[in-house]
Amino acid sequence: MIAKLIMLFYYLLCLFFVLITVKNLIEENSNLDRIILYFLTLIPFILRLLRFK
Amino acid sequence: MKGLKMSGTINKFKIFLAIIFVIFLLSGGIPLRQHRSFKVDIVCGPGVTEIKKLSDFFPPLKGSMADTNVFVLQGKEPGGKVLVMGDTHANEPESLLSVLIMIENAVVEKGTVFLIPFFNHSASLNTRPGEGYPLYFSVTARWGKKTFRMGNRDASPLDQWPDPDVYIHYPEKQLLSYLDIRNTNRTWPGRKNGLPMEQVTYAAMELLRQERVELALDLHGAETMFPVTNCIVAPEKSMRIATLASLTVKSMEGFENHLESSPEKFRGLSHREIGDYSDTLPFLLEAPIPFLDQPTGPKTEKLFLDGQDEFLLSLAKEKKLFVPYDESGWPLEKRVGQHLSVSLEIIRQYSRKFPERSITIKNVPRYGEVIKNGVGFYFHNPAEASREKIVRH
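In the order they appear, the protein sequences are chains F and E.
Just add 43 to the spot in the first sequence (first one is 1) and you have our numbering.
Just add 311 to the spot in the second sequence (first one is 1) and you have our numbering.
Check each hint, because a few of them may be wrong.
To be verified - To spell it out: a stretch of chain F is covered by chain E in this simulated footprint if at least three of its residues, at any positions, have a beta carbon under 8 Å from a beta carbon of chain E; those stretches are:
1) 46-57
2) 74-81
3) 84-90
To be verified - Straight-line Cα separation of at most 35 Å, DSBU-like style, residue types lysine-lysine; simulated pairs:
4) 373/E to 96/F
5) 47/F to 373/E
6) 613/E to 96/F
7) 610/E to 96/F
8) 47/F to 364/E
9) 673/E to 630/E
10) 576/E to 363/E
11) 47/F to 576/E
12) 484/E to 96/F
13) 363/E to 683/E
14) 66/F to 323/E
15) 630/E to 576/E
16) 700/E to 96/F
17) 683/E to 387/E
Honestly, the hints are just simulated from the structure, not real lab data.
In this text, a Cβ means the ideal position worked out from N, Cα and C, and glycines have one as well.
Using the sequences plus the hints, can you model the full thing?
Structure representation (structure tokens):
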């Protein structure tokens with residue numbers, strides 16, 4: 044039961060990181076390195092949210 | 312004006328990166344998704360009398376990824392009972408193939424045989440990150456190719472997560488690696504209210520206890536550089552039968568399969584806990600798999616099938632391997648044939664010792680036959696089988 048709750052919070056945390064990263068990505072208008080970094084950061088979170096890996 | 316131009320360039324760059332991102336995501340994600348939903352068609356042979364679920368012995372598993380099929384082959388005459396498990400470690404699929412050959416071909420005349428082809432079902436849907444394993448492998452049958460998933464040693468984190476910092480084994484309280492909480496050969500004898508893989512082994516213990524199963528055979532594979540390979544691992548109570556089986560296959564079929572004593576102080580393993588927590592006699596069979604060794608060439612399907620590797624060959628010349636190894640490698644036929652012969656021999660030796668609880672199995676090929684005909688020879692064409700005989704797993 045506790046493990047299931049932690050799993051749920053983990054997915055919510057993933058979703059939060061995806062939203063916050065996408066928000067930063069949209070707002071970032073000058074630093075190209077940061078834009079690339081935001082895209083790279085998104086990959087594991089999205090794979091997990093889609094239950095690919 | 313300059314700012315607006317810069318902003319336009321940045322937006323184009325973002326769109327370009329987003330396209331690249333989607334391409335990477337799809338090219339990486341779709342194969343993983345397909346692997347997780349890929350099904351193997353099992354054609355039930357004439358001996359299969361019932362198909363149960365592990366959850367029939369422990370209902371909380373029902374509907375979860377950890378639940379798995381239990382094929383029952385009941386003989387006409389009552390006798391002893393044996394459980395054979397494959398894919399406890401799903402990156403050692405010779406165990407799976409051996410159990411599937413039994414399901415598709417065996418006829419039980421006396422006693423009952425329980426067969427679990429995908430013991431760690433979640434691990435069979437998992438992939439091995441970072442080592443470049445193929446996602447699938449195929450064997451050549453008489454009617455074409457039969458394809459199987461290549462799984463991982465541990466259950467998928469999608470089905471059981473988070474891992475603890477240190478895994479404390481239940482009930483012996485031994486400290487084990489955090490990863491082993493997802494390894495169904497470290498979670499025996501299981502825990503009723505534990506994590507899913509502890510529940511899988513608990514359910515298997517329930518099967519053994521409720522059905523009063525006398526023998527449990529857990530099929531595995533191990534690296535050629537690992538000392539516990541090409542052997543039968545048995546605790547004290549199973550040692551006599553294991554010894555007779557080892558000697559018989561050596562003298563009658565000409566292959567070596569030495570004995571290893573199950574260590575008393577290493578907990579969580581099937582060959583230790585099944586014996587300690589039930590009346591069943593456990594045996595763990597290890598076949599050498601060059602594919603699993605670290606210093607090999609690329610982890611290709613070919614390496615998995617033929618077991619031929621030039622780096623292992625040079626190590627064999629330096630006497631660094633624990634099995635004889637030459638240019639012929641250690642092909643799949645040899646590994647599967649070995650598992651089948653040793654399993655049959657353990658059952659035969661038990662039957663000789665306890666004739667009133669004997670088990671008689673027919674139509675399962677032995678070592679020499681599998682080497683001669685190949686593994687695929689024993690799989691039936693799902694396209695030609697009647698619908699009710701096919702189980703998708």
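Going down the list of hints, with the structure as the test:
1. 46-57: Coverage by chain E holds for the region 46-57 of chain F (4 residues, Cβ < 8 Å).
2. 74-81: holds (count 3)
3. 84-90: The restraint on the region 84-90 of chain F holds, since 4 of its residues have a Cβ under 8 Å from chain E and three suffice.
4. 373/E to 96/F: Answer holds: residue 373/E to residue 96/F is near 23 Å, not above 35 Å.
5. 47/F to 373/E: holds, 16 Å
6. 613/E to 96/F: holds, 26 Å
7. 610/E to 96/F: Since the Cα atoms of residue 610/E and residue 96/F sit roughly 20 Å apart, the hinted pair holds (cutoff 35 Å).
8. 47/F to 364/E: holds, 23 Å
9. 673/E to 630/E: violated, 40 Å
10. 576/E to 363/E: At roughly 34 Å apart (the allowed maximum being 35 Å), residue 363/E and residue 576/E satisfy the hint.
11. 47/F to 576/E: With Cα atoms ~32 Å apart, residue 47/F and residue 576/E stay inside 35 Å; holds.
12. 484/E to 96/F: holds, 31 Å
13. 363/E to 683/E: Roughly 33 Å between the alpha carbons, so the hint for residue 363/E and residue 683/E holds.
14. 66/F to 323/E: Since the Cα atoms of residue 66/F and residue 323/E sit roughly 17 Å apart, the hinted pair holds (cutoff 35 Å).
15. 630/E to 576/E: holds, 30 Å
16. 700/E to 96/F: Holds, because 33 Å separates the two Cα atoms, which is no more than 35 Å.
17. 683/E to 387/E: holds, 31 Å
Violation of the numbered hints given earlier is confined to hint 9; every other hint is satisfied by the structure.
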